[in-house]
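Visitor: Sequence:
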Amino acid sequence: MILAESSKSFQEVVFELEPALQRLGLSVLARHDLGEALARRARGESRAFDEDYLLLDIVGWRAVEELLATDLRAGLALPWRFAVYTEDGATRLGFQPLSPPGGDARLARWVAEVEDKLTQLIDELR
1 MILAESSKSF QEVVFELEPA LQRLGLSVLA RHDLGEALAR RARGESRAFD EDYLLLDIVG
61 WRAVEELLAT DLRAGLALPW RFAVYTEDGA TRLGFQPLSP PGGDARLARW VAEVEDKLTQ
121 LIDELR
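Counting in this note's numbering, the sequence shown runs from 1 upward without gaps.
Be careful, since some hints might not be right.
Said to hold, decoys possible - Restricting the straight-line Cα-Cα distance to at most 25 Å, the calculated cross-link-like pairs of lysine to any residue (SDA-like) are:
hint	residue 1	residue 2
1	LYS117	PHE49
2	LYS8	GLU18
3	LYS117	ALA30
4	LYS8	THR119
5	LYS8	ARG126
6	LYS117	PRO79
7	LYS117	ASP71
8	LYS117	ARG106
9	LYS117	LEU78
10	LYS8	THR86
11	LYS117	GLU5
12	LYS117	ARG92
13	LYS117	LEU38
14	LYS8	TYR53
15	LYS117	GLY25
16	LYS8	ASP88
Keep in mind that the hints were calculated from the coordinates and are not lab data.
Start from the sequences and build out the full structure, keeping to the hints where you can.
Guide: Take a look at the structure:
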């Protein structure tokens, strides 16, 4: 896992996230507010989930098109997950490194480019 702590609040990171993604040529396919969903689910129970947790499904449309044109099985690695969450008052950012199917050199290069962009995203949001 690639994880980093941000000096910004959770809300600041969420506010800056989409413009930063756009600058990197990436788009949000889906948003999952797990913190809100878990808090809503725990209402009335003694165990409440008190952290913020936003999970994003991210794509780069040009890269996805190239990836699927190369090998349709590679779609199993899509979309890329990116998390913004709080833990003990700290805002954290992270993603799971990707692994290309089949060992194709073009796919490996593509995966490295995507991971570089996600790393740039973390650096920008710190």
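Visitor: Given the hinted pair LYS117 and LEU78, is their Cα-Cα distance within 25 Å?
Guide: holds, 15 Å
Visitor: Check the hint pairing LYS8 with THR119 against an upper bound of 25 Å on the C-alpha distance.
Guide: holds, 17 Å
Visitor: Next pair to validate is LYS8 with ASP88; report whether the Cα-Cα distance is within 25 Å.
Guide: holds, 14 Å
Visitor: Between the alpha carbons of LYS8 and ARG126, is the straight-line distance 25 Å or under?
Guide: Given that 25 Å is the threshold and the Cα spacing comes to 7 Å, the pair holds.
Visitor: Between LYS117 and ASP71, does the CA-CA distance stay at or below 25 Å?
Guide: It holds: about 21 Å lies between the C-alpha atoms, which stays within 25 Å.
Visitor: Assess, step by step, whether the Cα of LYS117 is no farther than 25 Å from the Cα of GLU5, and give holds or violated.
Guide: This hinted pair holds, its Cα atoms lying about 17 Å apart.
Visitor: For the pair supplied as a hint, LYS8 and THR86, confirm whether the alpha-carbon distance does not exceed 25 Å.
Guide: Holds, because 11 Å separates the two Cα atoms, which is no more than 25 Å.
Visitor: Given the hinted pair LYS117 and ARG106, is their Cα-Cα distance within 25 Å?
Guide: Measuring from Cα to Cα gives roughly 17 Å; hence the hint holds.
Visitor: Quickly compare the C-alpha distance for LYS8 and GLU18 to 25 Å and report which way the hint goes.
Guide: At roughly 15 Å apart (the allowed maximum being 25 Å), GLU18 and LYS8 satisfy the hint.
Visitor: Holds or violated: LYS8 and TYR53, Cα atoms, limit 25 Å.
Guide: holds, 15 Å
Visitor: Quick one, are LYS117 and PHE49 close enough, alpha carbons at most 25 Å?
Guide: violated, 31 Å
Visitor: Decide if the proposed pair is consistent with the structure: LYS117 and ARG92, CA atoms, cutoff 25 Å inclusive.
Guide: OK: LYS117 and ARG92 at ~17 Å, within 25 Å.
When held up to the earlier numbered hints, the structure conflicts with 1 and 13 and fits the remainder.
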